[in-house]
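Chemist: As given, the protein sequences belong to chains A and B, one line each in that order.
My numbering runs 158 ahead of the 1-based position in the first sequence.
My numbering runs 445 ahead of the 1-based position in the second sequence.
Worth flagging that the hints you see were computed from the coordinates, not collected in a lab.
In this text, all values refer to a predicted model and were calculated from it rather than measured experimentally.
Cβ atoms here follow ideal geometry from the backbone N, Cα and C, with glycine treated the same way.
Any given hint could turn out to be false.
[To be verified] Going by beta-carbon spacing under 8 angstroms, a handful of chain A positions derived as facing chain B: (1) 182; (2) 188; (3) 222; (4) 242.
[Stated by the list, open to error] Ranges between beta-carbon positions, derived for each pair: (5) B:490 x A:205: 29 to 39 angstroms; (6) B:513 x A:185: 47 to 57 angstroms; (7) A:205 x B:449: 44 to 54 angstroms; (8) A:249 x B:509: 12 to 22 angstroms; (9) A:205 x B:472: 49 to 59 angstroms; (10) B:490 x A:206: 45 to 55 angstroms; (11) A:195 x B:513: 31 to 41 angstroms; (12) B:447 x A:249: 41 to 51 angstroms; (13) B:513 x A:202: 33 to 43 angstroms.
[Said to hold, decoys possible] Example chain A residues on the side facing chain B (calculated, C-beta under 7 angstroms, incomplete): (14) 176; (15) 178; (16) 186; (17) 237.
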Amino acid sequence: MNTSDPAPQPKEQVDPISLALDRLWARFLPEIMQRIAVIESAVDAVDSNCCTDDLRHQTHLAAHKLAGSLGTFGLPQGTEMARFIEQAFAPAENPTSADSLRRWIKQIRVLVENR
Amino acid sequence: MSRKILIIDDEDDIRQVAALSLETIAGWDVIVAGSGAQGIQQAMENLPDAILLDVMMPGMDGPTTFRELQKNPITANIPVILLTAKVQSADQSRFAGLGVRAVLTKPFDPLMLSDQMERILEWA
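With the sequences and hints as input, model every part of the structure.
Modeler: And the structure:
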């Protein structure tokens, strides 16, 4: 070890904003995962042709909230896919095909779990 | 110069990230409210220099909250910036007619939020 090397700075002194955002992410992750679970339930229901109006409304809301927060936490691709899901479950819509929905929510889950 | 900002948004994660951003990067004082009604109360009590107001909220939505703020002479002159999801940006002409200072879209970049607000509010 070269004793003339400067001691490495603690990460807190280097990037306090990112660290604080990471702490907020950890705090809100359960809520984000819950929103993903709601959407996954709805996708299964669409696949089974038994998606109720209430579930469609809850899913629309969950997707809207995901779209708003994922990009803010540095996952803009998550926001884009959440928007597609949000539009698919908009009040005037009645999704009948689960294929794209399943693909989008699966990708969102991967992004969230790997952030 | 330190500013006082009121953030009105029903989503706790958005409130926390925006507050973190404005407090840490810009050094502003931040007050938060989780609903339009709470926001109006906070605005009257704290007289913020500006308000960041979410559009889609249960109960009293953003535009309705803004109209209520405008009716009250105590809060009528506080500049308001609406915060809305991208899919709702088609309503921008409707928002423009309200008299808000600007509309920002979600998601926002927490590292850029205070710069954007400074430009809009001409505080830079």
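Chemist: Take the hints in turn and mark each one as holding or not.
Modeler: Hint check:
no., hint, result
1, 182, "5 angstroms, holds"
2, 188, "11 angstroms, violated"
3, 222, "6 angstroms, holds"
4, 242, "10 angstroms, violated"
5, B:490 x A:205: 29 to 39 angstroms, "50 angstroms, violated"
6, B:513 x A:185: 47 to 57 angstroms, "31 angstroms, violated"
7, A:205 x B:449: 44 to 54 angstroms, "50 angstroms, holds"
8, A:249 x B:509: 12 to 22 angstroms, "19 angstroms, holds"
9, A:205 x B:472: 49 to 59 angstroms, "51 angstroms, holds"
10, B:490 x A:206: 45 to 55 angstroms, "51 angstroms, holds"
11, A:195 x B:513: 31 to 41 angstroms, "36 angstroms, holds"
12, B:447 x A:249: 41 to 51 angstroms, "43 angstroms, holds"
13, B:513 x A:202: 33 to 43 angstroms, "42 angstroms, holds"
14, 176, "9 angstroms, violated"
15, 178, "5 angstroms, holds"
16, 186, "4 angstroms, holds"
17, 237, "5 angstroms, holds"
When held up to the earlier numbered hints, the structure conflicts with 2, 4, 5, 6, 14 and fits the remainder.
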